[in-house]
Every structure is written in structure tokens, then in C-alpha cells.
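4 protein chains.
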Amino acid sequence: MKKLIATLCIAFAASTAGAYTPNKIVVPDVEGYKTLKCDFHLHTVFSDATVWPTTRVQEAVWEGLDAIAITDHIDTRHQKMVKNGYFNKEKCDRNTSFVLTKKAAEGTDLIVIHGGEITREMAPGHWNCIFVKDNEAIVNNAEKFNDDHFKAAKAGLKEAHKQGAFTFWNHPQWNKHAPNETKWYPEHTDLLKAGYMQGVEVYNGEYCPEAHGWALEHNLTIFANTDGHAPFFYEIDYLHGEHRPVTLVFAKERSEEGIREALDNQRTVAFAEGMIYGREDNVRALYDACVKIVDVKHTWRSTDITIENRSSIPLRFSKAPGSEMWSYTRDWEIAPNSVQTISVRALQKDHKYQEITAKEVDINLYVNTYLVGPNQPLKVNYKITRE
Amino acid sequence: MKKLIATLCIAFAASTAGAYTPNKIVVPDVEGYKTLKCDFHLHTVFSDATVWPTTRVQEAVWEGLDAIAITDHIDTRHQKMVKNGYFNKEKCDRNTSFVLTKKAAEGTDLIVIHGGEITREMAPGHWNCIFVKDNEAIVNNAEKFNDDHFKAAKAGLKEAHKQGAFTFWNHPQWNKHAPNETKWYPEHTDLLKAGYMQGVEVYNGEYCPEAHGWALEHNLTIFANTDGHAPFFYEIDYLHGEHRPVTLVFAKERSEEGIREALDNQRTVAFAEGMIYGREDNVRALYDACVKIVDVKHTWRSTDITIENRSSIPLRFSKAPGSEMWSYTRDWEIAPNSVQTISVRALQKDHKYQEITAKEVDINLYVNTYLVGPNQPLKVNYKITRE
Amino acid sequence: MKKLIATLCIAFAASTAGAYTPNKIVVPDVEGYKTLKCDFHLHTVFSDATVWPTTRVQEAVWEGLDAIAITDHIDTRHQKMVKNGYFNKEKCDRNTSFVLTKKAAEGTDLIVIHGGEITREMAPGHWNCIFVKDNEAIVNNAEKFNDDHFKAAKAGLKEAHKQGAFTFWNHPQWNKHAPNETKWYPEHTDLLKAGYMQGVEVYNGEYCPEAHGWALEHNLTIFANTDGHAPFFYEIDYLHGEHRPVTLVFAKERSEEGIREALDNQRTVAFAEGMIYGREDNVRALYDACVKIVDVKHTWRSTDITIENRSSIPLRFSKAPGSEMWSYTRDWEIAPNSVQTISVRALQKDHKYQEITAKEVDINLYVNTYLVGPNQPLKVNYKITRE
Amino acid sequence: MKKLIATLCIAFAASTAGAYTPNKIVVPDVEGYKTLKCDFHLHTVFSDATVWPTTRVQEAVWEGLDAIAITDHIDTRHQKMVKNGYFNKEKCDRNTSFVLTKKAAEGTDLIVIHGGEITREMAPGHWNCIFVKDNEAIVNNAEKFNDDHFKAAKAGLKEAHKQGAFTFWNHPQWNKHAPNETKWYPEHTDLLKAGYMQGVEVYNGEYCPEAHGWALEHNLTIFANTDGHAPFFYEIDYLHGEHRPVTLVFAKERSEEGIREALDNQRTVAFAEGMIYGREDNVRALYDACVKIVDVKHTWRSTDITIENRSSIPLRFSKAPGSEMWSYTRDWEIAPNSVQTISVRALQKDHKYQEITAKEVDINLYVNTYLVGPNQPLKVNYKITRE
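These protein sequences, in sequence, are chains A, B, C and D.
In terms of the working numbering, the first sequence opens at residue 727 and continues consecutively.
In terms of the working numbering, the second sequence opens at residue 727 and continues consecutively.
In terms of the working numbering, the third sequence opens at residue 727 and continues consecutively.
In terms of the working numbering, the fourth sequence opens at residue 727 and continues consecutively.
Since the hints were made in silico from the structure, they are not lab data.
It should be emphasised that the depicted structure is a prediction, and the values quoted were computed from it without experimental measurement.
Treat the hints with care, as some may be off.
Treat identical chains as interchangeable: a pair holds within one or across any two.
[As the list claims (entries may be wrong)] Keeping only pairs whose Cα atoms sit at most 35 Å apart, straight-line, the calculated DSBU-like set for lysine-lysine is:
#1 K859 to K909
#2 K1018 to K829
#3 K829 to K1085
#4 K919 to K1023
#5 K978 to K884
#6 K1018 to K760
#7 K888 to K828
#8 K870 to K884
#9 K884 to K1105
#10 K817 to K1109
#11 K1023 to K902
#12 K828 to K902
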């Protein structure tokens, strides 16, 4: 380790953007789009977290992320932190953590998005506003209704949209908000109709199948975010290859505008703890980009298909209905960035291998790590011609 | 790296038994028994694998295993290998791989068990015989019935038992043997009645829920084995903390006899890919040894329970029925060898925290990584007194 | 990863003190003393670093350290940071980073020591004051002489000692202070005579052999510190087993007082980048605690000595003068926490092995990773009786 | 882990050649040549090692090597192994380990070179013959002189050269051959004159500076080989990023012929334990390929040069004579595959930073991890124009 003074650290962040990403999350671009790895829900010491803004940049660069949004609590919790007196109220407001993060990212290619979290009791719960311009104005509007959580949140969301924000519902399943069941309240219908319910976190700390269902039903943009309060080295087991959860954004270009356009058009999937959650078209596009048949060999009794997993997303397959005349392994895996060969045979008779006489081998698989609905795996089919 | 000549390597194996186990599988002893990590299904170049016997010892020492059984195919597949002509038939027979492995383990504390695999078509499929004395005699008896897989296997098993062996059914779900469904055949009932069906592999390459069910129904000893043919460095992702599957044996003493007594009395569980599979009493004993409440703190509105996972077995909890009046996280995890705090609250009213007035907090959890039946998690209950 | 709110993070820190230390630095206790792993030079956002104080606690707990000192720059650099306006001058002073760190460590067993760094041009350069009571008083005294770096530093040190501090010279070799040669100035003699030069950093970013020499000459306490400004995950390659540099303190008890007593009596060594730097008595005591002969075997032509390295400190041996009649490997290593066997033979004649007739084998080794003076290895001798 | 039968393992080896190389040794091509990672000294169970030939292929594929040579002992030690009786003498001879290794590599892109090791007492010691055609003929010639190590070796080398072999001296510093000093014997001069001394191992288990010197003096090809007898997972700490030692070959094409042409023209360097050893032209070519200036920034008082290390070879720099008017860090490092920024300033006056008025910054560095002679570092110079 070399002694680095503070200014050098920033230089280091800048130059390592491409070079030093030991635990890089590998996900290829999908057909027609760049695949961007994003975390749209992050806290700093400027609300109730324990992390200085620059650290958020260093963490993201270290993991090879494309974009982060700083979304400190802008209402009640924010007060608590600032009121404890360590920060100078003249200089610091609810936009300061973004300003400091943005500055720390200068010289890197990390995209930093201005955001804030409206933090209210259920309903409507916590809401993220990203692509905002001024959190102070949002809070000022919200605080007119401080006794009514719903009215306050709605007023805040209204102001956020006036600023051009994109807004979404955070962690619907959070224990404090959904102690025994995870519910959609009439207030959520209200916000949906108002155009404020543009997305939902399908993963935040844990998978929320209800949110996955609502996203499909109401055409909401799907998110997996960290909601990070502690530094990540402390929560994520990088030593064993673990990553932070990310929202994968399929963008026309790698820019703040590109991300916004993709969010507006629901081109995202959630990637967390080795699982993909999304809408079928997005999930299938990602699968097609990640998974390639790289070799096929035929013998009289088998067709051996070698499949490569070109991503950090594990593959866990199981046999799906529709190819009962073929025999192959019921459950199998392909680890991230590796290959595996599956042997397909004709169904045996009398426990003996049979010659394959068909012109085509036809297999159906569930991909149990790619979910297209609540606990519902993607189904894929491969037809392999035997010459 | 230092140049080591062959004889030094063996010395190194001996002395590292306790010292150099970087990827050690950590599992504590259970109440009243030693917990031994065992792999009862291993192949070498003396049947159809690609590994010289000494390597099997080095691998096991490196992972901190307590015991291995060498179970080369002793019938048809064995022939193929020896007949290719590289080995000297005068000197090598079906016990040679055991002899060489045993010799390689001298000076280490690894227990090496003599075994062999009867390799027949379904039914009855492949059968492991461990604690055998002479594989040649087993094959000689089996080969009298070479045209009838069942009779051949049964004759081999009979001879194995004459030698005092413990015998069990391997990988019932193996694709070649169970191409479209995993079945219990009348032949298996026959072998069960004859006393030869003493155990079954519930994990071999993949989990077999059917085998888990049969084990409970017929009081069979439960195994997770590797069936290793390649060297393990090549199949297991040690770099990211992966381990080989093992059978955990709860033995009165750490010895060959201790293992045998435990197998005879079904005191085992399977540990593979982060999951435990077993009979409820064994699974619960293991859970109680691994999982400890290390701290409890009370506030007016919560009881915060800190739980430590003292093992390499991950914990994934979900809320189970029976404590609807309490509110706590629906799904949570405790990684291997770490701790986690769960906050239990009284059910909210009007989305507000409630004071806890009860004398006792009572929570029910499913432990989704500890299965006590086919896809059926262990249920645990914690009652915490509030003073 | 689980969502953890800020208060839970602190609880987590507390309980993991013993449990979750994946990259723990392993060093055994030495004869008669506890070996404590300490970092006495750390910065936070309250001077010119980019890390919030709580993060310093989480990092230290994660690496299994026993003690840290917070030593923010208390003079010019401090001003820069606080004056930029983000902190509330009414609430924050030069002791605030210690107060916040101390609070974050509540519930853990990490020892947090109050400190500050006097930051002046050479001579006398930068000086650490630890075990201070009030940095404001130190600066107030120093600033009376703002135009004279030496007088200012000396006044600060005088006040620190009035408070009972222990003070030492930081990074004498730092490029800015020693651009082309590393020098001891008359000012340092002055401070030594005044009793303020109690120790010196022999490692800070790099090894400083000159400082090692001065420490021996003037009986100074030896330090290896990080001088951390960035978060450590960002500078240290934990993924490949790297650690932060630490000062190993041999203390009568594990407490703030125990550390102080050991520093006052020069019972420390520096441990950095796989090297130990110290005074011979301390270095030898550590070597004796870490390195054990665990097995000896004799043959007619060799004595095979198996040595265990019970620490995270690598061992690199080379043959030392004094045993020319014995033949053994010229250069060899024992990796951290592992064992190695060395074969000692009688010197060959005519390139043939000779029978060993001596009653005693006598080998001399340089331990190139344990330095007892500037670039000077520890020499060890083993006499092994042949029965 | 998935159950893989033996034939699948081979398929797996084949297809993973490019995909699954978690611990890949990264070294870029040098100007005009492909850089190939090779290990020209490997043993199997067919001499005195404990590894079956297929394992040697799997290990090499797993580490991303380009070529290996199988060099089992072909004389006395070979006898020991085969005579113990496990192998069938009718089928196995001194070429069998090559045949089996070659077969295992089918379908992979690993190059397997036929070799053998002549194993004699000093002088002349052990000699590797690679690119041989028939080890039996070599031994038959050698064994005519079994009582005279030198004559036997020379006869074997003569036959090897008749077959077109490339031959080199192994581990001159090996303790058994060089118990108290590492010497060049008259016999080596004899073999040099005969054209048989074409190369020498500069690293085998440890660095041999004497061999490095002789290689320069006599224009010998430089090798770093493993001399592997145990499986590598057992000797190399892959979990912490360690690699096996390799000979880096700068070849016109990636083929057996390409390697041979490069060896014939001394275009190799040794890469072992983080160090490069070679002839200056080769070492400098490699340095130029690995190390790139990726950014330069100028301020009034400094030129900040950002350097990228595009390889697995660590960089450890120290300040070299020739630029005394510039001030920069005396000792610094750039870890594998990362970047670092160095700040160059004008020499201070009165401990104050000076404005840089020169048109060019000129720094000289020793690269302590790239040795161009016995313990002699490469010297590099950078001239940076300030516009």
C-alpha cells in the first residue's frame, strides 16, 4: 500500500475507471442497447447513513458501475441528521450530498444522478425521486401537509414531476410498512393515476414477488437497488465474489439522458443475489445476450450441446414440459463466465440407449435464475438440427 | 513455490493435516457426537476417472475432510480401464486404488475406507459398498449373473455383506437411469427386504427429493457424495468459497468404527451447495449446534435478537405461521460464520409502532437451507422473555 | 445482502467484533504479553480525508484490529476542511472526529485512542500526538508561532505532553519532506532532548531504513501506520489477501493503559507488506511465538525438520554462515499459516550423500522477512539432537 | 457442482480453453511477437510424481497456459516407478506420459511438447530434452555408460540432438547438486562446446542468480519452470492470487514451431513469484508492452504521470541516479492490472515547493521486479515535455 494524499485518491478513482475493477459485474450489451449497471437508491451522512459522499463514488468505480443516484431522505430523517448539529445549515441543504458526490466523480466516467427520497409512513411509504433539480422545493411543498403522510408525499411528488423527475415506490415489502402482508393501497392507485407511480423496487434487501406482479400489471419500471446506508465493504462479501444488487438498464446510449429514456420505457431488469427479475421481453433479451451455444457434437445416441454463460449471472436450468421424448439432466447449472455441456439422448427403452433417428433435437428448459413474473422462470427452447 | 520432490509431498500432506486448510468446511460438533465431514463416493484412474489415488488424499486434506471412501467401479467400467493395458494385471486388482490411497494417507489423520461401486443398469442401478474387504470376491460373485443386472448386483451385495459391508443406492435421479422420472422399482423393495438397502444418495450432482422421501419412509442413511471423477480443483470454484458436497456424520468417536456405527444408526445429513438435507432429528441437532442467540436487547417497541451462524452452512429464514401478532422481516439470511440482528416488534396499528406489553416474544421461522423432507424446511421457534 | 438501517449497522459492528473477520491478521501472543494489532495514524473528513469516522471503526473491526488512534491534522490542513463550510463551527472542533469514532465503537471491543497530528514543514515535519485530552489547546499553543514551523510544533508538543500525550515523528522519508535524502535535522535532536521524540514511523507507505536506524540508536518506539485518508477497501487488495500495515504492540493487558505502557517501553514492531521491522529483542520474541518446530524425523542421511508458521507473516529463509558442514536449501519460504519441511544433510563427498554421524545437526538461517536493523535480517540457529 | 463423467471432463477442458480461467496469468504480446506462457518441466506418475497425465492438461488450461512439456525422468528414477509393478511394461514406455497428455489435450488449444529429463549426479546434473521423438532411444544410448554420469548424460544428449531436441540444464542451484555453492563445472564447458547447453533454468523452486549470469555470459535461453511433482492446487496458493512460475516465450506464431524458433533465438524471460528475469533486450521489450503512460497532468509545481500496469507482473520502482534535480517518491509500486499516479516536482528550496520552469521533466527509475542480470534491475527513463 502506498501513501496517497486526498487529491491523489480522486485522480486514482478517475484513472481506474477501466483498469482496476477486481470484482467487476460482467453483463453484456443486449441487442440494440447498452447494458448499464445502476444503483438508484443510496444514502450518505447527509441523511441517516454513515458514509461520506466521495465513498459512494469510490465504491461504484470499484465495482464497475455505470451510474448511481444519491437519494438521501429529504424530510423527517434528514432533519434528524442535520439537526444533530454537525453540519453547517447555512452551507448544507438537501442537495449537498449530490453536489459533493458529483464533484467526487469528476474525472471518472461514473454518471451521478440527482435524487431524493420522500420518507413517509404507509400508505404511500417511501418514494424515490430521481432526475430532480432541487430537493428543497420538494420538501417545502411536502411539508405543508406534515400531518397527512399521503398528502405530503403526493405534494412532494407533484413538485418533483414539475422539475422533470422520475419517481418510484421503494421496498413495498419492508417489514415496517408491511408487517404481515405486502399490500397495494388505494393511495397507490391514486398515485398511479396521477402518473407518479412510474416504477417499483422489486428487490431491496429481499425479493418482493408482489411488487414483481404489480410491475407487470401496471407496466412499471423494475428496480433492484441497495438502499445502502453502511459502506458496502462492510455488508457485501466481496471476498467470496458477492456483488451489490443492481438495476440493469438497456439504454440507447451511455449517458444520463440514455438512462432516463430507458426508464421511461421500462427497459430494465433487476439483478440481485444471482437472480434476474423483469418483464419477459427484457429478461429474454438479456438471456439471449448472455447465453450462447458455442459447440454442438452429434453421436449415434446423443447430441452434446456446449453452452457458454457470458455474464456474472448464474444459470440454473431445469427440464420443462414439451420435450418428453428426449432425455437430459433434470437440474443443472452454468456458473458465471463458464461453459457446460449437456448431453441430449433419445428416451431409453429397456434401460438401453437408443439411436437418434430424428432430424432435430428439441429441448425445453426453465431458467430458474431468470424470472419473468412472481416466482415464474423464463422458458427457453432449443431446436438443434442433426445433419 | 518451492521445489518438492515426491517423498516430501507426502510429508507435506501429513503435516498440513491441521495447518493448511484455507477452504476448510466449518461445521461444529453436535450434542453428544463429533461431526465428521466425509465423502463416500470417489473414483480414481483405477476405474474410469482421471485422478491418481494420492491426489484424492491431498484434496481431502486440503479441504479438511475427516474421511473418504474409494469406490472405483469394480465391474464393467473397471474392465475397460484396466484392459486398455496401461496397468499390470499381475500387480493391480480391484483393491489397488484403495491400497495406494491408504498408503498416501499414512502420516495424515485422514480416514480412508475401502469401497467399491457395483455398476449396473437400472434396476437396481449403481450401488456403493463401503467397509468391504475384497472387491475381487464381490465381482466374482456378481459376474456369475452377467446377463441379469439385478441378479448380478444382488449377488455382489450379498458377498459385500458377507464381508461386513455397508451398502447404499447411488444417484437414483441420474439422467441415464431416470430419464424422465425418478422411480423406486420392485427390485429396490427386494433389496430393502434383503437388508442391502441401508442408505441412499440424496445429493449426487443435484438434489433428489424423491430419494429424500424414500430415506424418511424406509429409515435409510442419507448421503451427499461427490462421485468425483475429475480433480476437484477443476470442478469446484474454490476461489469463490465453494466446497465439495459432503456427508456429515455424527459419530461417537473420530474413527472408522465411529463412522460405521453412525451410518448403521442413520446419524447423517447431506450438505451440498449451501443446503442441508436429512431426517428431522439430525437436522435439528445440527441446527442447534450451528445457530446461537448471542445477544438480546429490549426497547419499548422491539426485541432485537442477535444470532450467530457458527458454520459454513448459510442460513436463509422466512417467517412461519404461528406468530401473527409479531412483526419481523419476512425473508433474511445469515451468511456462514457471521452474525445478524433481527428486530421483532408488536404488530403496528395505524402504521405506528406499538409498545410491547407481552412478557414474551414468540417467533416462528422456516429455515430454508435446512430441509427435513422433500423441499420441506425445518421450522424453529424462539421464545424470548422480556424482563 | 440485507437492508440494514443505520442503527442496525452499529449493532452489527458490535456483534461482529469476534465473528466476521474474513481477512483477520493472525499474530500470536508473545511470551508474557498480549500481541495487539494497532493503527495509530488515521484521518477522517474532519481534516483532509474522505472517510466519515464510523467507517474507521467498521474497517478496523472487519480486519480484527485491537486499537486505532484518530489523528486528524489539527492545524493548517484542518482549517482548510472546516473552513470550506460544510461543518458547523459551533458544534465541531478538533476533537469531534475522536468523539464520533469513540461513539461508533461503543458495543465493540475496539480501543479508540484520542490523537491529533501536528502538521508542519520540515524540520520538524509531521508529528503524531496520541493519548491527548484536547487538540484545541494544543493548536492554540502552536499557533502562537505560526511563522516558525519548529517553534509552533514544539509548543504544540509541549502542550500535548502537559496533557500526558505520547508523541512521535511521522514518515521521515516522505517525499515532500525528504525530496532527495532522508535526514535527521538539528531540530530533531532538540525534540529528542526535550523528551518529545518518543517514537518514529519506520513504515508509512514505504519502509524507511533510516528511521529504523534512528529508532535503534535513540531507543525510539517503532511504528507502522497507514496514515489512511481514503477508505481502505479502495487502497488495499483484500481480495488477494493483502492487509493494512499495523504496529504490533506487546502489552501486559488488552486496554488503553496496556498499550500506553508498552509504547512507553518500546515493546512494538512494525508489520507491513509481509515484513517485520523492529529492535532485535522484540523481533526475536515475535519470531519465537510465530515459528514452531512441529516434527523432526531422522534418516541415516538426513534430519527432516517440519516448521510451522502460525501467523500472517510470511517466512523467507536463507542459509546463514556458521553451519558450513551441513547442506540444506539456500532460499526457502513458509507461507502464512502453513508448514514446510526442510531436509538437512551432511555435506556430500564426490556428489554422494553421506551418513550423518554427528550427534547434533546445527543450522543457521537468516529470516529475511524479520528485520532487526536497516535491511538487516534476524539470524536464528537450530540445534537438533539426533538420538 | 455437477456430476460429470470422464468423457465430459475432456469436453469441458476443450471448451473452457478460453472461457473459464479464473486465475489467468495476464501478459500482453510484445512488439512483433506473441507472448506465450509455458512450463517446460513437468512430471507425472510415469516417473516419480503423483499426478496422472490428464491432470497436467487440466491444470494448464485452468491457468491459461499456452504450452507445456512433459519431462518425466527417463533413466534411474523412471525405473523405480515402473519397476514397482503397477504399470504394464508391454504397453508403457518412457513416451507413454507424453502420449496420454497429448491425447488429453485434444480439443483444447494447449500445445503439448514431447520431452524427457536426463537425471544424473553433478556434474552435469539434470538435463531437460524437449522436442524429442523417442525417449527410449535416448536412454538406451545413455545407459551404455551407467557408471559414468557425465558420459551417460552426454550420450543421451547426443541422441536427443540427433532427434532434433532442444536441451538445457535444470536447477543448477539445487541443494543436492550444489550443497554449499552453485558451480559451473568443466563438464558444463564441455557440453556448451558440444552445442548441448542451449539454455538454463534461472528459476526452479528459487531464483538462481549464478544461472542468470551464465545465461548472459554464454547466450543461453532462460527458463522458469515448475518441475511439478505434486498437483498444483496443493502447492500454489491460488486462493490468494499466486500463479505457477512460467517461461514467457516471445514467438512469431502460437505453435510448437513458433516456440522452438523463439527458444533457438533466446527470446524468453522467466516469470516467477512476481519477478522477471532475463536478458536486457527481452526484459525491456516486455516492460514496454506491460507498462503504459495513460495520463499526464501539469500544474505550476508538478507533473503528475499516471502509469498503467497491463499485466500480472507487479511493478516495484525505486528512484535511480540521473535526475537529481527532480523530487518524487523513492519507492513505489503498481499492482498487477492497476494504475498509479506519480507526482514529479522540482527540488524544493527552503522546504517550499518550487515552480517548474524546465520544458521537460526527466525521471529515472529502477524497476526492481524486472531483472536484467543477477540481482540487477532494469533502468528506465521517462522524459515528459511540459507544454
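Here's how the hints hold up against the structure:
1. K859 to K909: within (31 Å within a copy, 54 Å between copies)
2. K1018 to K829: Intra 41 Å, inter 27 Å, cutoff 35 Å: inter-copy only.
3. K829 to K1085: between (62 Å within a copy, 32 Å between copies)
4. K919 to K1023: Intra 55 Å, inter 44 Å, cutoff 35 Å: neither.
5. K978 to K884: For K978 and K884, only the intra-copy Cα distance (28 Å) is at most 35 Å; the inter-copy one is 64 Å.
6. K1018 to K760: both (18 Å within a copy, 28 Å between copies)
7. K888 to K828: within (23 Å within a copy, 44 Å between copies)
8. K870 to K884: within (13 Å within a copy, 56 Å between copies)
9. K884 to K1105: neither (40 Å within a copy, 46 Å between copies)
10. K817 to K1109: neither (64 Å within a copy, 44 Å between copies)
11. K1023 to K902: between (55 Å within a copy, 18 Å between copies)
12. K828 to K902: both (32 Å within a copy, 30 Å between copies)
In terms of the numbered hints stated before, the structure departs from hints 4, 9, 10, listed from lowest to highest.
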